[in-house]
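S.K.: Those sequence lines, one after another, are chains A and B.
For the first sequence, counting from 1, position 82 maps to 82 in the numbering used here; every step adds exactly one.
Residues are numbered in the numbering used here as their position in the second sequence, beginning at 1, plus a constant of 93.
Derived by calculation from the structure, the hints in this document are not laboratory data.
Incorrect hints may appear among the rest.
Unchecked claim - In silico lysine-lysine, DSSO-like type, Cα no more than 27 Å apart, as pairs:
#	chain 1	residue 1	chain 2	residue 2
1	B	K130	A	K24
2	B	K130	A	K36
3	A	K66	B	K308
4	A	K61	B	K380
5	B	K128	B	K265
6	B	K379	A	K86
7	A	K83	B	K265
8	A	K48	B	K537
9	A	K83	B	K537
10	A	K32	B	K130
11	B	K357	A	K2
12	A	K83	B	K543
13	B	K537	B	K380
14	A	K24	B	K386
15	A	K48	A	K2
16	B	K537	B	K386
17	A	K83	A	K66
18	A	K93	A	K24
19	A	K24	B	K357
20	A	K32	B	K537
21	B	K357	A	K66
22	B	K308	A	K48
23	B	K128	A	K24
24	B	K380	A	K24
25	A	K32	B	K265
26	A	K36	A	K24
27	A	K66	A	K86
28	A	K61	A	K24
29	A	K61	B	K357
30	A	K61	A	K93
31	B	K265	A	K61
32	B	K357	A	K36
33	A	K83	B	K379
34	A	K83	A	K24
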Amino acid sequence: MKRILLACGAGVCTSTAARVKVEKILDANGYKGQYKVEQCKIAEVAAKSGSFDFVISTTMKPEGVKCPFINGICFLTGVGVDKTTKEILDLMK
Amino acid sequence: MSQILGFFSAIQGLGATVMMPIIIFIFGLVLGTEKGKALRAGLTVGVGFIGLNLVIGALGTNLGPAVEQMITRFGLSLSVIDVGWPAAAAIAFASTVGMVIIPVCLLVNIVMIITNTTQTVDVDIWDYWHFAFTGALVAIVTGSQTMGLIAAILNMVIIMVIGDYTAPGVEKTLGLPGVSLPHGFTGAYAPIAIVINKIIDMIPGVRKIDINMEKVQQRFGVFGEPIIIGTALGLVIGAVAGYGYGDVLRLGISMGAVLVLIPKMASLLMEGLLPISDAASEFISKKFSNRGKMYIGLDSAVGVGHPLTLSVSLILVPLTVFMAVILPGNKVLPFADLAVIPWMFVLITPVVNGNGFRALVNGIVVLAAGLLISTNLSPLITTAAVNANYTLPSGAAQISSICDGANPLTWAIVRLNDFGWIGMGIVAVIALGLALINRNRILKEARELKQA
Chain A
1 MKRILLACGA GVCTSTAARV KVEKILDANG YKGQYKVEQC KIAEVAAKSG SFDFVISTTM
61 KPEGVKCPFI NGICFLTGVG VDKTTKEILD LMK
Chain B
94 MSQILGFFSA IQGLGATVMM PIIIFIFGLV LGTEKGKALR AGLTVGVGFI GLNLVIGALG
154 TNLGPAVEQM ITRFGLSLSV IDVGWPAAAA IAFASTVGMV IIPVCLLVNI VMIITNTTQT
214 VDVDIWDYWH FAFTGALVAI VTGSQTMGLI AAILNMVIIM VIGDYTAPGV EKTLGLPGVS
274 LPHGFTGAYA PIAIVINKII DMIPGVRKID INMEKVQQRF GVFGEPIIIG TALGLVIGAV
334 AGYGYGDVLR LGISMGAVLV LIPKMASLLM EGLLPISDAA SEFISKKFSN RGKMYIGLDS
394 AVGVGHPLTL SVSLILVPLT VFMAVILPGN KVLPFADLAV IPWMFVLITP VVNGNGFRAL
454 VNGIVVLAAG LLISTNLSPL ITTAAVNANY TLPSGAAQIS SICDGANPLT WAIVRLNDFG
514 WIGMGIVAVI ALGLALINRN RILKEARELK QA
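From just these sequences and the hints, can you work out the full model?
M.R.: Given below as structure tokens:
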């Protein structure tokens, strides 16, 4: 079970958009039921990151993140999704 | 126009929790989403609405009486509860203007792109609610939904131009190439920051000041966590209200719960809107992405992570509460929207070029003014909430929000409408003037691009 933290400004809007897309990608690659996603505010990432396998964020990387960090802005713009998808799938292995 | 709005206000009579699922379902079908998906999206939005209503209710029943006691004990005049932007967004989408805002704003965006008055393809459908919010308040002031809709459109035009204008700064300081932030709340602070920045530039000595904010994030980090800030505020308010220790603790835990739960409910609302927003943004970006230099318009949440933005916002959380208490004329008790302060700074940060001192000065000015603005707009916001069938916190006379309730641009547009058509005329002239200036810039840039 991989624990994924999905962060954006408030943990509401853009992280929801990214979460739905990330879940679709993971399910399509056979990871259904093997991951758990939690959304949060970017300001909470430093404190929470310790207990997660990696974090995907739709905003900049803050200081003090204790796990791998993936920039997920592509899930909003639609540009460069393939590269980020590969990064995520590598971390799922 | 009035017939279409009439049809929508008939559906609106059923209440937001019934109306929104129907509207989202219909939009979904129109945009070609499959039936089951559209239905689920509509129902999810309904769930979000009911969830938000419950949480705001919990906020009211717990905080309302405490605030009342606090007022009678100390003569504090903080009788307006800040219910936060998720509630404001829900109220905006549930208004008559809000129901038609998504297709209308898409149309405005398309017209602006075709006429070269914007370079932004705004795929951030969710944040159209800011324009609906302005529109809903104007509709209350003028008594005319058509006027409300016009105000919403003009608000969007102004914000789109600001989005284009600030895009180079967003690329340079925030590191987001090809992205602009046409965000109704964030955008309103860019012109103010430009003015304040110019003023500071003119003062000898002061213009050299900079404060290093690096360490702030570690020290003030707790102010970024809703569970801590909610609980702490609850405890303080309970104590000030003169509650016994049991009730103080209960209020603390309840307020922490409210701040944690509000975003979760808003997230459901967002999830329901997602199929609509995806279909709409796909439609618009497919049609218009190949027209020279274009920006993709995103939620300014993508820029919230800038270290300066986060640091200054964290410092301003306790400062805002303090200002609310001492500022003469303020009636707003800042609460749910203390989490929204970073959004103010997303465009201020590029304007002040990462200068910590200037960001802080900006923050104090806009928040102090913001408290007075949201006090001023609170009767209208309360009416809008009643129109949307929201349960108002008992005990609290009125509600407001620090987000768009304290937005200077929203305030200006709404209050200019106190003067009737003249006011709307002024807004229209400004919006169209900005659009034309933007058009000249875009065409000039396009010519230079061709020559190069």
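S.K.: Take the hints in turn and mark each one as holding or not.
M.R.: Status of each hint after checking the structure:
{"no.": "1", "hint": "B/K130 <-> A/K24", "result": "holds, 14 Å"}
{"no.": "2", "hint": "B/K130 <-> A/K36", "result": "holds, 23 Å"}
{"no.": "3", "hint": "A/K66 <-> B/K308", "result": "holds, 18 Å"}
{"no.": "4", "hint": "A/K61 <-> B/K380", "result": "violated, 33 Å"}
{"no.": "5", "hint": "B/K128 <-> B/K265", "result": "violated, 43 Å"}
{"no.": "6", "hint": "B/K379 <-> A/K86", "result": "holds, 24 Å"}
{"no.": "7", "hint": "A/K83 <-> B/K265", "result": "holds, 23 Å"}
{"no.": "8", "hint": "A/K48 <-> B/K537", "result": "violated, 48 Å"}
{"no.": "9", "hint": "A/K83 <-> B/K537", "result": "violated, 35 Å"}
{"no.": "10", "hint": "A/K32 <-> B/K130", "result": "holds, 20 Å"}
{"no.": "11", "hint": "B/K357 <-> A/K2", "result": "holds, 22 Å"}
{"no.": "12", "hint": "A/K83 <-> B/K543", "result": "violated, 31 Å"}
{"no.": "13", "hint": "B/K537 <-> B/K380", "result": "holds, 23 Å"}
{"no.": "14", "hint": "A/K24 <-> B/K386", "result": "violated, 31 Å"}
{"no.": "15", "hint": "A/K48 <-> A/K2", "result": "holds, 15 Å"}
{"no.": "16", "hint": "B/K537 <-> B/K386", "result": "holds, 12 Å"}
{"no.": "17", "hint": "A/K83 <-> A/K66", "result": "holds, 23 Å"}
{"no.": "18", "hint": "A/K93 <-> A/K24", "result": "holds, 17 Å"}
{"no.": "19", "hint": "A/K24 <-> B/K357", "result": "holds, 20 Å"}
{"no.": "20", "hint": "A/K32 <-> B/K537", "result": "violated, 51 Å"}
{"no.": "21", "hint": "B/K357 <-> A/K66", "result": "holds, 24 Å"}
{"no.": "22", "hint": "B/K308 <-> A/K48", "result": "holds, 19 Å"}
{"no.": "23", "hint": "B/K128 <-> A/K24", "result": "holds, 19 Å"}
{"no.": "24", "hint": "B/K380 <-> A/K24", "result": "holds, 25 Å"}
{"no.": "25", "hint": "A/K32 <-> B/K265", "result": "violated, 39 Å"}
{"no.": "26", "hint": "A/K36 <-> A/K24", "result": "holds, 13 Å"}
{"no.": "27", "hint": "A/K66 <-> A/K86", "result": "holds, 21 Å"}
{"no.": "28", "hint": "A/K61 <-> A/K24", "result": "holds, 24 Å"}
{"no.": "29", "hint": "A/K61 <-> B/K357", "result": "holds, 23 Å"}
{"no.": "30", "hint": "A/K61 <-> A/K93", "result": "holds, 23 Å"}
{"no.": "31", "hint": "B/K265 <-> A/K61", "result": "holds, 16 Å"}
{"no.": "32", "hint": "B/K357 <-> A/K36", "result": "holds, 16 Å"}
{"no.": "33", "hint": "A/K83 <-> B/K379", "result": "holds, 21 Å"}
{"no.": "34", "hint": "A/K83 <-> A/K24", "result": "holds, 16 Å"}
Hints 4, 5, 8, 9, 12, 14, 20, 25 from the earlier list are contradicted by this structure; the remaining hints agree with it.
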